Each structure stands twice: as C-alpha cells, then as structure tokens.
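These protein sequences, in sequence, are chains H and E.
Read in order, the letters of the first sequence correspond to residues 115 to 614 in this note's numbering.
Read in order, the letters of the second sequence correspond to residues 9 to 335 in this note's numbering.
Simulated from the structure, these hints should not be mistaken for lab results.
Hints should not be assumed to be uniformly reliable.
Derived pair list, reagent style DSSO-like, types lysine-lysine, alpha-carbon separation capped at 30 Å [said to hold, decoys possible]:
#  : chain 1 : residue 1 : chain 2 : residue 2
1  : H       : 459       : H       : 490
2  : E       : 12        : H       : 459
3  : E       : 12        : H       : 490
4  : H       : 490       : H       : 506
5  : H       : 338       : H       : 506
6  : H       : 506       : E       : 147
7  : H       : 459       : H       : 506
8  : H       : 338       : E       : 322
9  : H       : 459       : E       : 322
10 : H       : 490       : H       : 338
11 : H       : 506       : E       : 12
12 : H       : 591       : H       : 490
13 : E       : 322       : E       : 12
To list a few chain E residues with every Cβ distance to chain H over 12 Å, as calculated [as the list claims (entries may be wrong)]:
#  : residue
14 : 23
15 : 188
16 : 266
17 : 319
18 : 325
Under 8 Å between C-beta atoms, here's a sample of chain E residues computed to sit facing chain H [what the hints assert, rightly or not]:
#  : residue
19 : 13
20 : 87
21 : 133
Remember, it's a predicted structure, so these values are computed and weren't measured experimentally.
We put the CB at the ideal spot given by N, CA and C, even for glycine.
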Amino acid sequence: MNATTNPIDLRLEDVTKIYPGAIALSEVSLSIRGGEVVGLIGENGAGKSTLMNVLGGTIAPDAGAIVADGQSHAALTPAQAIELGIAFVHQELNPFTNLDVTGNVLLGREIRTGLFGRIDRTAMEQRVQPILTRLGARFSPRDPVLGLSLADQQLLEIAKALAVDARLVILDEPTSSLTLSETQRLLEVVTDLRREGVAVLFITHRLNEIEQVADRVVVLRDGKNAGDLGRAEIGRDRMVQMMVGRDVKRLYQRKAHEAGAPVLQITDLRTQTYPESPVTLALHGGEILGLAGLVGAGRTEIARALFGIDPVLGGTVHVRDRLLPQNSVAAAIAAGISLVPEDRKAQGLFLEFSISDNISMPSLARMSSRGRINRKAELALAESSRNRLSIKAASLRGPAAELSGGNQQKVVLAKWLAMEPAIIIFDEPTRGIDVGAKAEVYGLMQALADRGVAIVMISSDMEEVIGVSDRVAVMSKGRITGILNQEQLTEEAILRLAVE
Amino acid sequence: MLRKDLGLATLVVTVGFVVALINPRFLSPVNLANTANLIGLFGLFSIAEAFVIVTAGIELSVGSVIALLGVLFIDMIANGVPWPVAALIVLALGAVIGLLHGWLITRLRLQPFVVTLCGLLIYRGTARFYTADGTAGFKFGSSFPTLEWLVTGRTWGVPHSAVAFLFVAVLAWFVLHRTVFGRHLFAVGKNEEAARYSGINTRRVIVSAYVICAVLTAVSAIFFAMYTRSVQPSSHGNFYELYGIAAAVLGGFSLRGGEGSIVGVCLGVILLQELQNLVNLLGIPSSLNFAVMGSVILFGVIADTQFDRYRTAKRHAATRASLGKPR
Ligand SMILES: Nc1ncnc2c1ncn2[C@@H]1O[C@H](COP(=O)(O)OP(=O)(O)OP(=O)(O)O)[C@@H](O)[C@H]1O
Ligand SMILES: [Mg+2]
C-alpha cells in the first residue's frame, strides 16, 4: 500500500496497558492521518514508548482498540503492523552487530536474484546508499555495524524505517544522540515524508524540534491524555506546562564559576581512533567545560582514554600534578575521576540487576568493611538517589529493565554521582530525559561546580552546551579546533569550529 | 534465601519423603551417612563449577582434573612423599590450572568452552599416559591414619567430606552473596562492559573465578582419591563436570551468567544424590540412572519457569485490581 494513493487513517481508542507493578497507560486515545506530523510528548515514564509499542504490535494492550483504516483490532501483531505500513524506530537500539549496514537496513527484505534466490548484494547496496545519503550518514553500506557509534546506530535504525515504503513512521526519541546537523537533516526528512502523504509520530524531549515540525501535539501525563495542541498553539512554555503540570521557569540557571586551580591536565593525548591528532586540554576545579563537536569528532574517545577504558597511544594525563597511570579504570577512579557513559544499556547498566544494586556498583568499596557489603548503607544510598533525581520506580529492588528510558538514564547518573568524584565527565548526560529532570540535572551540575568539582560535559545538544558551560572546547576529526569562553559562545561559533 | 531456592527445597523434601515411604531403609543411619558422604564429595566440585558459571563461563575439565590430580596425589604418597606436602602440591597445581585457564580466556580471548574442553582432553590423556593406562594405588597394607581420618573419617557418624562441604558452602555463600568480590562476579557475568565502566578489574575477577574453581576441584580430587583409594584414570571422575553443571543449573544458575545462589547449588547436589539413592533403593535398573537424573532436571527447570510466569501474572492481576476497573 502506498502512502500517496492510500494514506493511513489510524486511531487508538481508550488504550490501557498494565504492567506488573505499574499502570503504563490508562484509557489513552490518539489519532493520526497520512500527511500529518504528530508530536508525542510527556515526562519520563509517562507511557510514550508503551503507546508506540502498542502501535508497533510489540505490546498487546489490556483494554481499548486500535482502529486502522476503519477496521478495529483489540491488539496488533508485529506482522499486522508491518502489513499496515507502520515502520518503527525504537528508543532502545538493537542492531544486529554480526551483520553489516546493508544487512541491517534490509533485514528480512533481502533482494534475491537468479534461480536459487541468491542474495543480490550489489542491488541491496544500491538500494541502501541513497537512504544513507539522505540522512547524511558518514558510514557506507558495507561498514560493519559493530564499530558504529551510538549516533550512527541511531541513523541506521532510521534508515531501516525509511527503507520500507511506510505509511506511518514512528520515531521514538530519534534525536537523543544526534548532533545539530544530523537532527536538522532528519527534520527535513520528516517534512519530506509529510509531503509524500506519510504520517509521522515523533517522540522527543527536545521541544524545539516539535516546534519545528509538528502539526499537532499530543501530551501524556502519568499514562493519561493531558491534552492536545494545534499547530498555532504549539509553544515551549505551553508544552512544558502540560507535560509537567506546573511551570518550569528556567532550564538553565547559569552562574559564573570562579575557575579554581587546574585539576586535570591532558597533554598530547593520542587515542586509537585518531592516532595522528594529539589533544591538549586543561580543566579547572569548579568549572563546567562543554565538549562540543559533530558525531565522531573524537569526544567520547578522549573520555574513554582518560578513564582507562581504551588503550592510550601516547601523551600524559596529570591529576593535580600527579601522573595518572594509563589503561586502568581503577586508577582513574582512585584519582577521583568518574565517567558517565553515553550508552546506558551496554555500558551504564546491569539491566536485570535491581536499581539499588546498579546504583551502588562502583561505590561498593566505600559501602563495605573488609570486603563485606553493608546492605543497609546500599539501600540508603539508593533511596537518597531516588529522591535527589526523582527516579520514578515502583521499587528500588526491582530490575532496572522495567524503568522507562529516561529513568534508566537517571539511574546511570545516580550511580556515578554516588562516587562523589572530584572530576566528572558526563557523556550525553541528558540523553532521553524530560525537561523537568533536565533542569534538575543542570541544577545538580551547577551545585557540584560550586563545590569545586571539575566537570566535562560532552553533549550534542547545542542549547545545553551553550546554556550550561563556562567554557566550550570544540572538536573536529580528533583535534580541538578552538576553545570558546562565555562571551564568544554562540551556535554559529561552535558550528564553525565543529566543521573546521 | 531466594524464592527459587524455596521451591527447590520443597522438591528435595518431597522426593526424600516419597523415597522414605517406599523404602524406609532410606532413613537408616548407614544410608544417610553414605548419602551425606556422597553429597559432600560431589558438592565440593559443584560449588567450584558455580563460581565459574556465575561469570558466564564454564569449566568442562573438572572430571579430568579430579582424575589427574588424584593420580598424582596417590602416586606421590605411595612413593613416600609426606601427605601434607603432597596435598599442598596438588592444591598448587590446581591453582596453576585455574590461572592457565583464566589467562587463556581473558588475555587470549578464547572461549571458556573451548579452553576447558581442551583441558578435559589434555588432563585425562596425561593421567592415562602417566599410569600407562593402568591404575594408581597404594601398596598393599599401607595406611596413613591421620590423612584417612581427616578425609574419610567420621565424627559422631558424620562423614568429614560432608563437614568439609558444609564449611566450603558457608564460605562460598558468604563470598558470593555478601562480599564486594561476589557482587563483582555477578556483575562481570551479567554485563562485562558495564562492569569495566564501573571500575571492576574484569580480567582479575574472571581469572580469580577459574582459580577458585580449580583449587576447590583439587580439594575434591584429594577427597575422591582417598575415597576410592585407587585411581583408574580412564574412568575416575568421568562426567563429573556435567554433574556439577547440572547441580548449578538446578540451583538457579544461568549459563548466561550473573544469576544463581549457593543455597540453590547445594540443594541441587542434594537432590541429585537423592535421585541416585532412589534408583538404588527402589530397584530401578541402574542403567536408567542418567535418564532419571535428566528427567528430573528438565522437570525442575520447567517448573521454575512456569512458577515465574505464574508470579508475574499474579502481580499483573494485583496492579489491575488497584486500578479498580477490570477489563
Ligand atoms: N517491562 C516493563 N515492566 C514493568 N513496567 C514497565 C515495563 N516497561 C515500562 N514500564 C513502566 O511503564 C511506564 C511507562 O513507560 P514508558 O517506557 O512508556 O515511558 P516513556 O514515556 O517512554 O518514558 P521515557 O521518556 O523515559 O522514555 C513506566 O512507569 C515504566 O516504569
Ligand atoms: Mg520511552
């Protein structure tokens, strides 16, 4: 079925979904037609992903109906969803790392040729290349998926959805790990799709994206409809008000920090990814240093090398004039460094372990005497973290896997904040968390900086980089192309340095 | 104790009850002591196996190590080496084997299955070559009273192997469930990358698991050698690794790592010995031995997953009821 000749007409009526221990959706309704871009917003755990999974056929609702093209279903199966022309980009990425890019994009829709149905690689690659170009991806159809960064994996998932001629494309936080230029490209693609008569459901916590592309906004709060906004009514404050139920006055409360003594000195550090580009950078106590750049600029690599995850090819790192031993996470932690990793599922969390076990994992040494764990202290830590970051969880002993994406991110933050480090590197700290929580995280960062903690924030969210940082170092292709201080901080200045 | 363990404990008691009903000899002091002895012997290496499985690894050379180290232990003593020295050497060899396996797995990035499968073949082959495919045994009439009392003796009717097992089990429980190291073992098994990011020295943790496993296996090798008093390497300890794995799986250990409890593996060992006993006492042809064991393990694992589903369904229903509006 083609979107132009046969646009989709879809309604969710009074959909209810109950998980053991949580009511994710209660009588939620939503409708969408071909040629329409609907933004779906709500706080972490509001039920957005659950609602989309109902549409995608991966979750069967407990009550309610899905009316597609006039036909009512109690639940969809994934096969029915595909049949209806629904393509889904999930919030949590699950690429097949044993296949290459082409294999992933056209999985299950391989092009065959000849008598024996041999897989036609050339035809497949020719099919995939234009989609990648359209998205501005820097990887090619033949690249293995194993080494792709989180952002590239995200583009891959989007490419997968574009490869089918869908009538409805669901994007669940597609931009959470993308930088400005890729995001802009994606928004253009969304506009193109609308023109072609495709319906797009767009979930995001970056509200300016909604302002740019959405025709209509549906707001969820605590698993219920909290109202709709038409094109003319869409505005940041209005959306926040509806999502949170109160005003979030100022997202960024910048205080100028007195930069203290230098605590971290990186000299000529060379990483595996960019062996030819030595990096030199100094970090002072009490400052927030933003690390900006396009995806793949080598920011995460610096963080990983510093923290001892990746081998270092050359150069030195001094913490308070003491040489930091290389290739040892334990040594980095002992020196007071923490790294909040970007990929919460693979690097940040033990999904099946309880929330409390997750939070205490790196701090166990402090919560034990002679190797024996003090379980009271452990639970107390989890409890205080829950309050500090307002983690929405039925029970702290429940597995982290049952949390919504944003709440999982909060657990990762909690885990590292509990270490009370002197130097924190945040790699995309607000990936997937809602405005209210973002304001809290920024407040937390400011408070830490006030106490003299040195902070590096790697972020692809331009607004955030400008709003929070005292200084911004911009990277491009493994080099630091410039350092901007407060007065010089503008989007254009950052972008210019990022593409240098 | 986990809820899973409770289910297994119920099964252990039920099977024991049924066997006792059909054949009261099951509860006779002689049979109980014998069974306790076997539980002790098999329990030692089953706990060893559990330490490796929790890290998402596997140790297939347990039986072969028991054969090889058993041969060496008996041969050393028979040739006049004082037994404490021989015991120390055997334990040290165990540590070396564990270090080697751990090194191959963490440094050369070989798969545990492959490494320990090769170990299984190599150690048994070596043991058979060493004895010229014969038997290692003591000279007629030789005796080592202290060693024999320590390893095969009884106190108030309780076999010392069972005492050793209990001691090791309590220690293992403490290490696995109450210490930082134990938590690290689980973490490494569940998500090695996240463990690294959490500052855990994953290589050291994994190597330690293999060393603990091999040293415990060495202890068990000494007990087995003194129990049989002669070791025929072609059959001594055959399939013991599978027995250990079975006990661990029954006890709730996942082969994917990061799950399981020591109480569970101990109950698993007890259940397997009970079944052995059941086969003997009920006059079931001993050729059916493995078949009975296999069926019960399968039953146990199925019951476990079904029980899980039942609990989830109950929680689900409870949440729905709290909404006050059933479908
Ligand atoms: N598998 C699960 N088991 C139990 N509860 C779950 C499960 N998945 C989600 N939930 C709960 O359902 C609620 C809604 O989750 P959902 O993932 O839809 O939120 P969301 O709006 O997508 O949030 P986010 O912005 O953080 O991604 C949450 O309270 C969450 O804890
Ligand atoms: Mg979500």
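Sort out which numbered hints this structure fails and list those numbers smallest first.
As far as the earlier hints go, 6, 10, 12, 15, 16, 17, 18, 19, 20, 21 are violated by this structure, in ascending order.
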